[in-house]
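Participant: Combine the two chains into a complex, taking the hints into account.
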Amino acid sequence: MRNLIRFILNNHFALLFILLETTALVLVFQNNNYQNTVAFNVSRNISGFINTKIHSLTQYLSLLEANKALHEENRMLRNELLSSYHIATPLLEEAGPAGEWERRYNYIPAKVIANSVNKQYNYISLDRGALHGIEPEMAVISGSGVVGIVTGVSDNFSTVLPLLNTDLRISSKLKDSGYFGSLYWDGTDPEKATLTDIPHHVTLNRGDSVVTSGFSAIFPEGIMVGTITDFEIYGGNFWAVTVRLSADFRKLNHVYVIQDLLREELLELEEAVGYD
Amino acid sequence: MIKVILRNILRIIVLVLFQVYILNNIQISGFVNPYFYVLFIILLPFETPGWLLLSLGFVLGLSIDLFSNTPGLHASATVFMAFIRPAVLGYFAPRDGYVTGTFPRIYYYGFSWFFQYVAILILSHHFFLFYIEVFRLSDFFHTFARVILSSAFTLFLVMISQYFIYRR
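In the order they appear, the protein sequences are chains A and B. Read in order, the letters of the first sequence are residues 1 to 276 in my numbering. Read in order, the letters of the second sequence are residues 1 to 168 in my numbering.
Everything labelled a hint here was simulated from the structure, so no lab data went into it. On a predicted model such as this, the values are computed, not experimentally measured, just so you know. Ideal placement from N, C-alpha and C gives every residue a C-beta, glycine not left out. Treat each hint with caution, since some may be false.
Unchecked claim - A few chain A positions that, by computed beta-carbon distances, are all more than 12 Å from chain B:
# : residue
1 : Asn67
2 : Ala69
3 : Leu77
4 : Asn205
5 : Met224
6 : Glu264
7 : Val273
Claimed, not checked - Cut-off 20 Å, straight-line C-alpha distance, at most; resulting in silico cross-link-like pairs (SDA-like, lysine to any residue):
#  : chain 1 : residue 1 : chain 2 : residue 2
8  : A       : Lys53     : A       : Asn156
9  : A       : Lys53     : B       : Phe18
10 : A       : Lys251    : B       : Phe31
11 : A       : Lys251    : B       : Leu23
12 : A       : Lys175    : A       : Glu232
13 : A       : Lys251    : A       : Gln120
14 : A       : Lys251    : B       : Ser68
Isolated chain B, as found in the complex (with noise of 0.2 Å):
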C-alpha cells in the first residue's frame, strides 16, 4: 500500500517535470502537442475513490498550468478526464470485474484492452483541452486537426512507455 503511494507520489513529480521542460519545448509543425502527463491519472490504481481521483487530476492539472501559465486551463481538462475514467473502467470492464492486486496495464488486460481504455480518455482530454484553449467555434476543424494529430502523438507515446517503462 504504501509503495503504491510512493510509486504514485514519484511518477507525478517526474511526469510534471518531464512534461513541463521536455515536452512542452518540442513542436512538430507548431501543430502537434503531446500532453503525455495525464498518464498519471490512467495508471492510478483501479481501487482509487472517486474523490481522490478527482483531487488529483486537479492537483495534477494544476500544477501543469503553474509551470505554463495557463491558471485553469489543464486543471479542468483533467479533472473532465479523471470524472469519466471509472465509466470508462466500467464499459470495458471483463465479464468477472477487475481481479484485486491487478493495476491497469497491458501486462493485467492485454494491448487491445489497454489501448481502447487510454485512447478514449486521452482523446477526451485533449477534446475538452483545446477548445476551452481557444474558447470559439470559428477555427472549429483547425482545432479539430489539432486534437486528433496530438491525441495520436500522445497515445503513441504513452503505449510506447508500456513496453519500456511498465514492463511488468
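Extracted from the complex, chain A is given alone in its bound form (with noise of 0.2 Å):
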C-alpha cells in the first residue's frame, strides 16, 4: 500500500497527465456523435448569451449589406405571392379557389449570433430556440441558398450543422434535367462543395443550378444549393461536380429555419413500410 502512494506521489504529474488527457479526448470522441450536442446546453446558454451580447455590438457594421439582402429578399416573396398569380386558363378555375391550399412549410427567421468556416467541423449557433419552435433536424436556409440542419436545441438558442461540417451530405439534384446525387463538403474551400453520382451520360454546363431534391424529408424540393463551376469524371461512370455554394457562409447573418408540418406523417409512412 505504501509503495502504491510513494508511486502515485512520485508519478503524479504523469498520471495527472493520462487523467485529463483521456477526459479530455472522451470529450472529443462523444462529441463525434453530433446528435449529441444537446448534452452541451448549458454551457451553449452561457456561452449564446454573451455571444448575443457581442454580437448585437458587432452586427452595426454589415447592417448595409443585411439590408440589401432582405429588400432583394423581399421584392422576390412579393413576387411569389398567390395574388401576384392569376389563373390564365379556364379550367385550372374549376380546381377550386386558392382557400384550399393547405401550408407545408413554415419558416421562422432566426439570426446567426456564431459562425466559423475555419474548420473541418464548423458550427453556427442561432438566437432561436425551442421556445420559439425550433426542434433538431429542421433545415436552415439563407435568403440566397442552403445552410445547413439544426442539430442542438436549448431553450432559446439552438447548434446548426451547416454544409461546412465534412459529416453532412444533402440529397441534390441538377435544376435542369432532374438527375439527383449526394452534396458534401471536402474541408477545404468555403465556397465550394462536391456534388457525386451523378451518372456520365447527363451533359453539364457550367453555370448549371443545383438545388435540393426534396428526398431527405428535411429540405423542400428546389431551393438554391448553388451553381456548377466545374466537372471531371470519377471512378469510370460519374461525375465530380464542383459546385459554388450559392450562400455565402461568411458573412451569414439572417437565416430561416423550415418546419415541415407533414414530417411526422411522411417519417410514419416511411417507417410503416420498413423504408430507410
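Facilitator: In C-alpha cells:
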C-alpha cells in the first residue's frame, strides 16, 4: 500500500497528464456523435448569452449589406405571393379557390450569433430555440441558399450543422435535368462543395443550377444550393461536380429555419413500410 | 505572490476573450488559424507546480472549447502542451538553472532562448490540435501545411506581443 502511494506521488505529473488527456479525448469522441450536442445545453446557454451581447454590437457593421439582402428577398417573396398570380387557363379555375391550399412549410426567422468557416467541423449558433418552435433536424436556409441542419436545441438557442462540415451530406439534383446525387464539403474551400453520383451520360454546363432534391424529408424541394463551376469524371461512370455554393457562409447573418408540418406523417409512412 | 496570481487570472480572461471574439473571426485564405491563447501557458512562472500547470492547461483549453463548440479538442491540445513544458524548459535551461524571481520572458533570457522555447511549444500544440481535429491521415500534407502556417503566424503574434505588452 505504501509503495502504491509512493508510486502515485512520484509519478503524479504523468498520471495527472494521462487523466486529464483521457478526459479531454473522451469529450472529443463523444462529440463525434453530433446529435449529442444537446448535452452541452448549459454551456451553450452561457456562451449564447455572451455571444448575443457581442453580436448585437458587431452586427451594426454589416447592417447595410443585410438590409440590401433582405430588400432583395422581400421583392422575390412579393413576386411569389398568390395574389401576384392570376389563373390564366379556364380549366384550372374549376380546381377550386386558393383557400383550399394547405400550408406545408413554415419559415421561422433567426439570427446567426456565432459562426466559423475555417475548421473541418464548423458550427453555427442561432438566437432561436425550442421556445420559438425549433426542433432538431429542421432545415436552415439563408436568402441565397441552403445553410444546414439543426442539431441541438436549448430553450433560447440552437446549433446548426452547416454545409461546411465534412459530416453533412445533402441530397441535391440538377435543376434542368432532374438527375440527383449527394452533395458534401471536402473541408478546404468555404465557397465550394462537391456533388457526386451524377451519371456520366448527363450533359453538364458551367453555370447550371443545383437545387435540393426534397428526398431527405428535411429540405423542401427546389431550394438553391449553388451553381456548377467545374466537373470531371471519377470512378469511370460518374461525374464529380464542383459546385459554387450560393450562400456566403463568411457573412451569414439572417437565416430561416424551415418547419415541415407534414414531416411526422411522412416519417411514419416510411417507417410503416420499412423504408430506410 | 498575490500579484503574480492576480496577473495570471487577468491574463487568462483577456486571452480567452481575445481568442474567441477576435482571432477566431479572422481567417487568412481559410488556411491559417492563429491560436494565440497558448501564450498563457508559455508565460506561467518557472516555479508553477506540475499538477497546477496541467490543470490550468485543461481549464484554458476547456474555456476555449465552450465558446467554439468543440468540447475537449482544445483541452486535449493544451494539456499536452502543458505536459511537455517542463521538459522543454529543462532542455533549454542555462547552466546555472533559472534564477528565482525571474519569468520566462525575452527580458530575462534573451530573444534566441525565448524564440526556441516558444516555437517548440506552439508547434507541439498546433500539431496535436489540427491532427485530432481532422482525425484521419488521408489529407496528411494538407493538414501539415495548416499546422506549419498557423504555427508560424501564432509564433509571430507571440513574439510581437513580447515587444508591445511585456517589454519587462
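Participant: Run every hint past the structure and note whether it holds.
Facilitator: Each hint tested on the structure:
1. Asn67: holds (21 Å)
2. Ala69: holds (20 Å)
3. Leu77: holds (31 Å)
4. Asn205: holds (27 Å)
5. Met224: The assertion about Met224 (chain A) holds, with a minimum of 22 Å to chain B.
6. Glu264: holds (29 Å)
7. Val273: The claim stands: Val273 (chain A) keeps its Cβ more than 12 Å from every Cβ of chain B (closest is about 37 Å).
8. A:Lys53 x A:Asn156: With a Cα-Cα distance of about 14 Å, the restraint between Lys53 (chain A) and Asn156 (chain A) holds, given a limit of 20 Å.
9. A:Lys53 x B:Phe18: Cα-Cα ~15 Å, so holds.
10. A:Lys251 x B:Phe31: holds (17 Å)
11. A:Lys251 x B:Leu23: It holds: about 16 Å lies between the C-alpha atoms, which stays within 20 Å.
12. A:Lys175 x A:Glu232: Answer holds: Lys175 (chain A) to Glu232 (chain A) is near 19 Å, not above 20 Å.
13. A:Lys251 x A:Gln120: Since the Cα atoms of Lys251 (chain A) and Gln120 (chain A) sit roughly 18 Å apart, the hinted pair holds (cutoff 20 Å).
14. A:Lys251 x B:Ser68: holds (17 Å)
The structure is consistent with each of the numbered hints, conforming to all of them.
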